[in-house]
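K.L.:
Single-letter residue listing:
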Amino acid sequence: MYPAKFDYYRANSVEEAVKLLAENSDAKLLAGGHSLIPAMKLRLTQPALLIDIGKIDSLKNIKANGSLEIGALATHARVAASADVKKWFPALANAASLIGDQQVRNFGTIGGNIAHADPASDPPTVLIAAGATIHVRGASGTRAIAAEDFFVDLFTTALEPGEVVTKIEIPNLSGRKSAYAKMSHPASRYAIVGVCAVLSMEGDTCKEARLVVGGAVAHATRLSEAEAVLKGKKLDAAALKAAADAAIAQVGDDAMGDITAPADYRRAMVGQYLQRAIQSALG
Amino acid sequence: MEITLTINGVKKTFVCNPGDSLLRVLRREGYFSVKYGSDDGTTGAAAILLNGKLVNAELMLAAQANGQPIETIEGMAKGIRLHPIQDAFVRTGAIQCGYCTPAMILAAKALIAQNPNPTAEDAREALSGVLCRCTGYIKPIQAILEAAAVMRGEPPTEIDVNVVQPLTFMPGDDGGQSVEPPEFPSGSGGTQTRQHILPKFIYAPQAPQTRVVGKPETKVDSIKLVKGNPAFVDDVEFRGMLHAKLLTSPHAHARIVKIDDSEARNMQGVHAVIHCFNVPRVKYASGGQSYPNPKPYDQVSFDNKVRYVGDRVAAVAAETLEIAEEAIRRIKVEYEILPAVFDAEAAMKPGAPIIHDEDDTEGIFDAQRNISHHIHAQVGNVEKGLAEADHVFEHTYHVHQVQQVPIEPHIAISWWDADERLVIRTSTQVPFHARRMVAPLLGLPVKRIRVIKPRIGGGFGVKQEMLIEDIVGHLTIATGRPVRLELNREEEFVSSRTRHPQTLTFRTGVNKDGQLVAIDMKVIGNTGAYATHGLTVQTVTGLRGLSTYKSPNMRFECFVVYTNIPVPGAYRGYGGPQALFALESHMEEVAHALGMDVIEFKQLNYIREGDPLHIAPMLGEGEAENVTSVPIIMSSGLDECVAQGMDAIDWERRYQEGWRIDPARPHIRHGIGMAICMHGTAIPGLDMGGASIKINDDGSFNLLVGATDLGTGSDTVLAQIAAETLGVPTEDIIVYSSDTDMTPFDTGAYASSTTYISGMAVKKAAEGVREQIKHRASRIFGLDSTEGIYLKDRYAWSPDGRSVSLEKIALHSLHQEDQHQIMDTASYVSMASPPPFAAQFAEVEVDTETGQVTVKKLVMAVDAGVVINPITASGQIEGGMTQALGYGHCEEMIYDDKGRMLNAELGPYKIYAAHEMPELETILVQTYEPTGPFGAKAIAEIPKDGVAPALASAIFNATGVRVRDIPFTPEKVWKALHS
Ligand SMILES: Cc1cc2nc3c(=O)[nH]c(=O)nc-3n(C[C@H](O)[C@H](O)[C@H](O)COP(=O)(O)OP(=O)(O)OC[C@H]3O[C@@H](n4cnc5c(N)ncnc54)[C@H](O)[C@@H]3O)c2cc1C
Ligand code: FES
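Listed in order, the protein sequences are those of chains A and B. Per the working numbering, the first sequence starts with residue 9, numbered consecutively. Per the working numbering, the second sequence starts with residue 111, numbered consecutively.
No wet-lab data here; the hints were simulated from the structure. Please read these numbers as outputs of a predicted model, since none were measured by experiment. C-beta atoms are modelled at their ideal positions from N, C-alpha and C, and glycine is treated no differently. Each hint should be verified, as a subset may be incorrect.
Where chain B lies over chain A, by a calculated footprint (3+ residues, C-beta under 8 Å) [what the hints assert, rightly or not]:
1) 189-197
2) 266-273
Derived BS3-like pairs (lysine-lysine); straight-line CA-CA distance at most 30 Å [unchecked claim]:
3) Lys71/A x Lys163/B
4) Lys632/B x Lys459/B
5) Lys163/B x Lys49/A
6) Lys49/A x Lys660/B
7) Lys415/B x Lys459/B
8) Lys122/B x Lys13/A
9) Lys94/A x Lys27/A
10) Lys49/A x Lys442/B
11) Lys36/A x Lys415/B
12) Lys632/B x Lys622/B
13) Lys63/A x Lys163/B
Counterexamples of contact, computed for chain B against chain A with all Cβ distances above 12 Å [said to hold, decoys possible]:
14) Lys163
15) Asn227
16) Gly239
17) Trp1084
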């Protein structure tokens, strides 16, 4: 299967990529290509120019220094294996390790993943729960977007035309308990339902819970009702059940359905996986 | 654009287009080990190492790899010395068709480079992105552990069978013999993860003493596969070769009013556009079956009507695939859209759209009601039997549509040779049928066509068709050029063949004591748009449904119905898996209703040695049926299979509440289930195999067989049979198979027939050659008779202990005296079809909160007669069970209300991958089948039969919920649990 004809250019720096994007309205960035190339083969998208940013080494780094910074071109494999990520925010390392298979993790990037904003992706869910910030750069300079505001709809983000995601910043989460629980699509392993829980605990009382669902809805979303239910509560079975019910109610008619998991089933699973994420965060 | 790649250490510069995938460029440059399997990265067949990391070459542009080092398996062996990973893949039998092997070996290489001490878990995860449809992953995982050990400097594990004692009285056992299990090398320190390579093995007391047969010989084709040599259909290059592409129907049912192909024709690089308005209308049935093919002949190469989404409309041949794809988009077709029907029962109702309303198709049972065939068979009097029974039970089951999913999709290349004969190199299971069937469509006599089947990447029945050979043939005739057509993954799903969905109802009468008195079986089979295999698959469903259990009264009533879904055809197991899911589920339900133990109930009623199969003569292959007498079971190890299986799965746990419900995880339930299986071995009176053997100067032999090795190992098994008979090692037999110009006829690889039928032909031919060798030897020995002369270890031995080498005999015969080519040809057809038997067991874990069923373990104890090669036999069982697991657990073709398949890629369509495999245990319970070569029966299809009903049984044991339709997807099980 061949994509429509296009030109290819390999950018050597972010500046160059930004410049090319500004000059070519019909251009797209190419990172790993693991979402873009299949879409081009199916002619769902037909850019006239691909700007390959895959060799810009400065965007591949992961470093922890006050906050955790992950370059947009870090592959899923790299995120999953990074000692810093494992220490700083293990739920993200875990989520990255659950993406697709080895070949996908070796070539797909976290920046491409979030820019593509597939509703069944894993990283968006985890990044919102962490309160991460997405750093982007465009012709008019840089900006920082809260992860929560970044994902707008199915395959739609807050990125303006011409902007490049450069890095993802995760605040210091020390003292929080976190976990990601996922029901994978049996074949592709994309998330049917993925829930990330980040909890601040005082003894067995929950001071604050950040709970985010992905997969089941058009874009990763905070389960604010369930968060409110848990605030100040002991996290016993009854509290978890109440949070699950609140999450199911919040998802409501927004639950998406497909041939593998119809909407009613997916909605019910949001409740299950919410409880599993919390239980696993509590250890 | 120009790119530079360092491939296997050699720097090369190529010119390519931005849109070329790395896969296309590598194959174009001759790196044929990198395979096409999908366009979206889901088969992993195109995996390579880029900077040492495993990546999918079809999902990246060649341009993205510019300047970087790439490894393929072409670079791994040093001359004839294999890399330890390649060697381990060969020795452990990790290769079947070999299509996924290059990717698996690279995955192993990347893993071991990073972790020299991998566990089985690491190996499973490393392979998880490389789909294999043949092996069930067990042997590849063992190969990785073995390779890692050898690379750490540990000695290689010796590969041998694990002999165990029978648990029951075995047929032919005089009670005195006891075969002690030999000591096994446990693999030295640090290799805890290495396991016994081969399954449990029970000797048949009457099995003949053999030296080659019965031994775990490595596959004769494994070296070329493990090195990635150009062995497959697509691994060749022809000057001037054109690329073909199909235009398929977007509508489920429509008449083609007009085709405007002018824009496509006028494109630069397009050489032909063919469709119903320029290709002659010749009727045929595409199923690769013996002459005369069962009717109706309801197909033509290109019809003026389309009957499903994916049906053929036109084909293009162009200079490149890219141009061909573009030309297809520019063909304008005017359709008159007709109402469509997808459900078989709805299709039979008055007022349903008539799918075959053409007036030139003969032999449709009732075209007005869309019924292609009506099948009826009865033994005794079922109504009377039911009326007299103490209890009558009735249940209805539904089985769905799945696809065979060979990792190599259909591919064919055709060209005119120097003699202006059309050569078709094709991925087929039936080269001889394909030649005979394609000839009239192309308007060529059979003698002007040669069909070659090289190494092929799996078939499983989907290639028991004359499917695309006519298209490449038409295009070569139209253009005079070589033409290549490869289906992409989506086309493989919708435009090739699938398994028949069915609704099956069993009504059974039993006496108080549990004895069956009547079985009434009704089936509605959905044959989709065309009836290819429609009659015979459904007939086998009846045969399988009414063979396993004895009853004086039995009846089979079946309608085979046209609908507008993609076409079902042959799929490993044929109609058997459908029948056995319903039959075994039903028998268990009957046992429960009677309050009897399931196994006791089944054992009370199942068929045994000496029992007749009354229904068999009535359910043969249509017009071609040649068998009229009632067959008798000559060998059955079923009791032993049941006993071994119960032991291996620890059956008694299923009765313990404390085991079924896990106190630590109360939402989890455990269960164990089982099913009995019985299959056939070849189509009696119909399947025929031929073999020729000739001696070479050095005393080696060419074995020429029509039999078609799809990856199953049949070339190896046939070589072993020849080697055994001729007293030489397997390596002295050079096998060449399936080329209509070069080898004798064979019906092809289907109906579990190759070992039994073609094996017997090889044995006969080898016996003929042996006689000629003995004659020559007697002359050299100066004896007047061949009496007492025998062949062993590459020598002929006289009764008085003298010997002469086969090489001397060959030279003597070919060059020295009364010159003569020692050779013989034989063929074989059998009136018997001795059934293999098996007991299938499954252990599952059910998550009651999500409906997810996790299969923990499958055990299959199989009586396939004497096993010719335990490696290939256990490979067949492991791979077959894994396919069957997909059938029962997760695979399903799903459509929208317009008949468009919604999951025609392997991202949405799920087949089992390495990381989620349950433990698989195979137990080879050997019996001696007097009609088979060295006592062998068939093994290829029976592993498809029992997994789905064993899962149903295990889920019931775990949860008390009975699900009567497969597959057991989480959503379905969850709804069943919560309804
Ligand atoms: C078989 C398979 C299974 C998968 N399973 C999963 C899974 O389980 N979970 C999961 O989360 N994902 C899964 N994925 C998706 C995978 O994670 C991809 O890597 C990811 O979606 C895209 O990353 P990429 O680097 O390949 O992006 P590309 O395909 O190169 O780009 C995707 C889009 O993002 C844009 N883009 C890329 N980089 C940037 C940037 N820095 N700034 C702005 N825009 C940019 C591109 O222009 C394009 O529109 C799977 C993919 C495949 C093929
Ligand atoms: S051996 Fe793996 S696909 Fe055939």
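K.L.:
Each hint: holds or not?
P.N.:
Tested hints:
1. Evaluation of the coverage hint for the stretch 189-197 of chain A: fulfilled, as 5 residues show C-beta separations to chain B shorter than 8 Å, against a requirement of three.
2. Beta-carbon proximity to chain B at under 8 Å applies to 5 residues in the stretch 266-273 of chain A; the threshold of 3 is reached and the given coverage holds.
3. Between Lys71/A and Lys163/B the CA atoms are separated by roughly 22 Å; this keeps the pair inside 30 Å, and the hint holds.
4. With a CA separation close to 17 Å, the supplied pair Lys632/B and Lys459/B stays within the 30 Å bound.
5. For the suggested pair Lys163/B and Lys49/A, the alpha carbons sit about 24 Å apart, so the restraint of at most 30 Å is met.
6. For the suggested pair Lys49/A and Lys660/B, the alpha carbons sit about 56 Å apart, so the restraint of at most 30 Å is broken.
7. Between Lys415/B and Lys459/B the CA atoms are separated by roughly 22 Å; this keeps the pair inside 30 Å, and the hint holds.
8. For the hint pairing Lys122/B with Lys13/A, the CA-to-CA distance comes to about 25 Å; that is within 30 Å, so the pair holds.
9. In summary, the hint linking Lys94/A to Lys27/A is not supported, as the alpha carbons are separated by about 35 Å, beyond the 30 Å threshold.
10. Restraint check: the Cα-Cα separation between Lys49/A and Lys442/B comes to about 21 Å, which is no more than 30 Å; the hinted pair holds.
11. Restraint check for Lys36/A and Lys415/B: not satisfied, since their Cα atoms lie roughly 42 Å apart, outside the 30 Å limit.
12. Simply put, Lys632/B and Lys622/B have alpha-carbon atoms about 24 Å apart, close enough for the 30 Å limit, and the pair holds.
13. The hinted pair formed by Lys63/A and Lys163/B meets the criterion: a straight-line CA distance of about 16 Å does not exceed 30 Å.
14. For Lys163/B, the non-interface assignment is contradicted: its Cβ lies about 4 Å from the closest Cβ of chain A, within the 12 Å cut-off.
15. With a least CB separation of 17 Å from chain A, Asn227/B remains clear of the 12 Å interface cut-off, as annotated.
16. Against chain A, the non-interface label of Gly239/B is violated: not every CB pair exceeds 12 Å, the least being about 3 Å.
17. For Trp1084/B, the requirement that its beta carbon stay farther than 12 Å from each beta carbon of chain A is not met, with the minimum near 6 Å.
Violated hints, listed in ascending order, are 6, 9, 11, 14, 16, 17; each of the other numbered hints is respected by the structure.
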